[in-house]
Amino acid sequence: MKLKRRGFLAGAAVLAVAIGFGPAKAQSEFKMGLLVPGSVAEEGWNRIAYEALKRVEKELGAKISYVELHENPAAFENAFRDYASQGYQVVLGHGFQFQDAALTVAPEFPDTTFLISSSYVHEGNVIGLNTDASQPFYLMGVIAAKMGKGAGLVGGIEIPPIKQAFEGFMDGAKSVDPNFPVSTVYIGSFTDATAAKEAALSMISQGSDFVVPNANSAGLGVIQAVREAGTGIGTFSVYSDYTEVAPKNIAGTFVADYGQGIVRIVSGIRDGAVPETNVDFGLKDEDVIKFTYNDGADKPVPEDIRKYVEQVRAKIVAGEIQTRAK
Amino acid sequence: MANIDSERSPSAGSDILNGLGRAFTKTWQAVAMPAAAVLVSMGCGALLLALNGFNGWDIFTVMLSGVFQDTRSIAEVLLKATPLILIGVGLCVAFRCSIWNIGAEGQLYAGAVATTAVGIAFPGLTSWIYVPLVILAGALAGAAWAAIAGLLKIYFRASEIVTTIMLNYIAIIATSWLVTGPLKDAAAAYPQSARLLREAWMPKILPPTRLHIGILIAIALAIAAYIFLFRSSAGYAVRVVGISPHAARYAGMSVSRNILLAISISGAMAGLAGAFEIAGVTFRLYQNISPGYGFEGIAVALLANNNPVGAIFSGTLFAVLRSGSEIMQINAQVPQVLVSVIQGIVILSVVGFGVYRFRSARPSE
Chain A
1 MKLKRRGFLA
11 GAAVLAVAIG
21 FGPAKAQSEF
31 KMGLLVPGSV
41 AEEGWNRIAY
51 EALKRVEKEL
61 GAKISYVELH
71 ENPAAFENAF
81 RDYASQGYQV
91 VLGHGFQFQD
101 AALTVAPEFP
111 DTTFLISSSY
121 VHEGNVIGLN
131 TDASQPFYLM
141 GVIAAKMGKG
151 AGLVGGIEIP
161 PIKQAFEGFM
171 DGAKSVDPNF
181 PVSTVYIGSF
191 TDATAAKEAA
201 LSMISQGSDF
211 VVPNANSAGL
221 GVIQAVREAG
231 TGIGTFSVYS
241 DYTEVAPKNI
251 AGTFVADYGQ
261 GIVRIVSGIR
271 DGAVPETNVD
281 FGLKDEDVIK
291 FTYNDGADKP
301 VPEDIRKYVE
311 QVRAKIVAGE
321 IQTRAK
Chain B
1 MANIDSERSP
11 SAGSDILNGL
21 GRAFTKTWQA
31 VAMPAAAVLV
41 SMGCGALLLA
51 LNGFNGWDIF
61 TVMLSGVFQD
71 TRSIAEVLLK
81 ATPLILIGVG
91 LCVAFRCSIW
101 NIGAEGQLYA
111 GAVATTAVGI
121 AFPGLTSWIY
131 VPLVILAGAL
141 AGAAWAAIAG
151 LLKIYFRASE
161 IVTTIMLNYI
171 AIIATSWLVT
181 GPLKDAAAAY
191 PQSARLLREA
201 WMPKILPPTR
211 LHIGILIAIA
221 LAIAAYIFLF
231 RSSAGYAVRV
241 VGISPHAARY
251 AGMSVSRNIL
261 LAISISGAMA
271 GLAGAFEIAG
281 VTFRLYQNIS
291 PGYGFEGIAV
301 ALLANNNPVG
311 AIFSGTLFAV
321 LRSGSEIMQI
331 NAQVPQVLVS
341 VIQGIVILSV
351 VGFGVYRFRS
361 ARPSE
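Chains as they are written, first to last, in the numbering used here: chain A, 1 to 326; chain B, 1 to 365.
Heads up, a few of these hints could be off.
[Said to hold, decoys possible] Partner residues aside, some chain B positions facing chain A, computed with beta carbon under 8 Å: (1) Thr71; (2) Arg72; (3) Asp185; (4) Ala189; (5) Glu277; (6) Val281; (7) Thr282; (8) Tyr286; (9) Pro291.
[To be verified] Which bits of chain B does chain A cover? Going by a derived footprint, with three or more residues having C-beta under 8 Å, they are: (10) 49 to 55; (11) 164 to 170.
None of these hints come from the bench; they were simulated from the model.
Predicted model, so just to flag it, every value in this text is computed and none were measured.
For every residue, glycine included, the Cβ atom is placed at its ideal position computed from N, Cα and C.
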């Protein structure tokens, strides 16, 4: 019998495709995808999400993948679909800008949970994740008003999360002393440490004895200014631990362990417990939002103030104090 | 032509042979050289991937199987090809006139802004009127933005290479200002415009994919541009001005009018690309509405040897590479930086082969 050439070729082609593309993966494998709006190679916002993803891989044994989309909104929907159509159970869009695209795509993929960073959304399987910095900033405001004569706040760019944090600080300070002076400056950059330093020095010269940054990497300039100004001037280390830069001036440190928050939420989703509302990490989440004192400072926060702050913290956790307008 | 040839040729037989030879050389240059450029860059890319611990062949199969996985992924390629083809076609016309328009990126932004402004302003229009209106607004804005560089060249002899690059910055930064200021959606924290009115959205042609009617318009315009350049007297004048402005002037053709025409056409095409991105894909204006389509369009035109019909294929090829870059990240975890390097190699070798072809095609000049 003559071998039919066409049939043979077709068979070979099918075989080649089967080998090349591999067999379908087992359904039980847990997979998480990540969309970042920039490069994960640089320190900062995108790196935070990447490190959270690596922790999900390590601690939950998930298969992970990420894609850098460089602020190109036309690509967002397609990247969500790429992951969801491949059976990824969780896809994290790291930034508010991903919310629209996720809301468009999500109804097509009910088995996938779409998480959106710095968003309050909750629609079906799209869930916003936010870190509420206004709560730790409220505590800082309380401490500054208890210990100092005036405070200065140096912000990066005037965007909602930073404005909310500063409003929390002011509310905290005013809860102690309604006339406590707080001045605010936005330097218009998240990287210009020199501008942040200049702003901080001018605030110190005008009588602020607590100067607090919230300006990503530019915030380091504030810490340097406070160190140069010497004893009597205090600050807080925000999001990163800069205690080594100004060990005598830093009264306390606030860090947000977003990775821990992501691991907790994602492991819940893996076990079938998809959050029923949007997620807002605050002081109640002690594994995520950490506020600690620096005992090595020239003027460490005294014990009685710490006790008072602990009461305030309990009230915030219980919902008796609102640190942010909803 | 035939008369001159037959005077030179000793016999009709060798005339045919010569003709065949010329046709062969032409085809060789039109197809084989771009293919060689692509192969060389793929080889370099594979080498680079191997140096970074990836298996080049595996990545290649992952990329192609991802890009051509299903209807949706193919539609996404065509969606990315649409602006690349439009810009590439427009630049073919400009480059044929020896107008080195590097400003397609800015012209795209100008078109996107105009489309957004018109697309949110007039509630109550029907789609039949509104869609053509927003598209027209985009094309006109792109043409006007490019015409600035054309007029500066005509009246002040300002190099369009410099002015179009500078106009890019102005358009891109002005767009950032608009979406954080006057055009900003008051309800959104993120800098973006309001959503286009539903009646201004371009129709989809392959639901549920995002592919819209723009790809068909792009292909039709590519063919129209080919007819314009090579089958019309107006296009002939554009090409003559491109080859020799002095000869054109001697023949009674207006150099400045043709310069303005060519750069405006390329600007209009880039403006259309911007209009389609807004009215067909994102429906909102954002700061980074183009991931560099305007610059990639230059490579699209060069790879096509400034032939608008060729730009359909080279534009699609670059769209495959672009889709592939996302697939390589998602399915093979090749870092974005490495993907960018590989894309850069592709563009370099395309341009390199283009220069070689340019030189070899004009030995006497």
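Each hint tested on the structure:
1. Thr71: Result: violated, 11 Å to nearest chain A Cβ.
2. Arg72: Holds, about 7 Å.
3. Asp185: 11 Å, violated
4. Ala189: 5 Å, holds
5. Glu277: Hint on Glu277(B): holds, closest Cβ of chain A at ~6 Å, below 8 Å.
6. Val281: 5 Å, holds
7. Thr282: This hint holds: Thr282(B) lies near chain A, its Cβ roughly 5 Å from the closest one there, short of 8 Å.
8. Tyr286: 5 Å, holds
9. Pro291: At 4 Å from the nearest chain A Cβ, Pro291(B) passes the 8 Å test, so the hint holds.
10. 49 to 55: violated (count 0)
11. 164 to 170: violated (count 0)
When held up to the earlier numbered hints, the structure conflicts with 1, 3, 10, 11 and fits the remainder.
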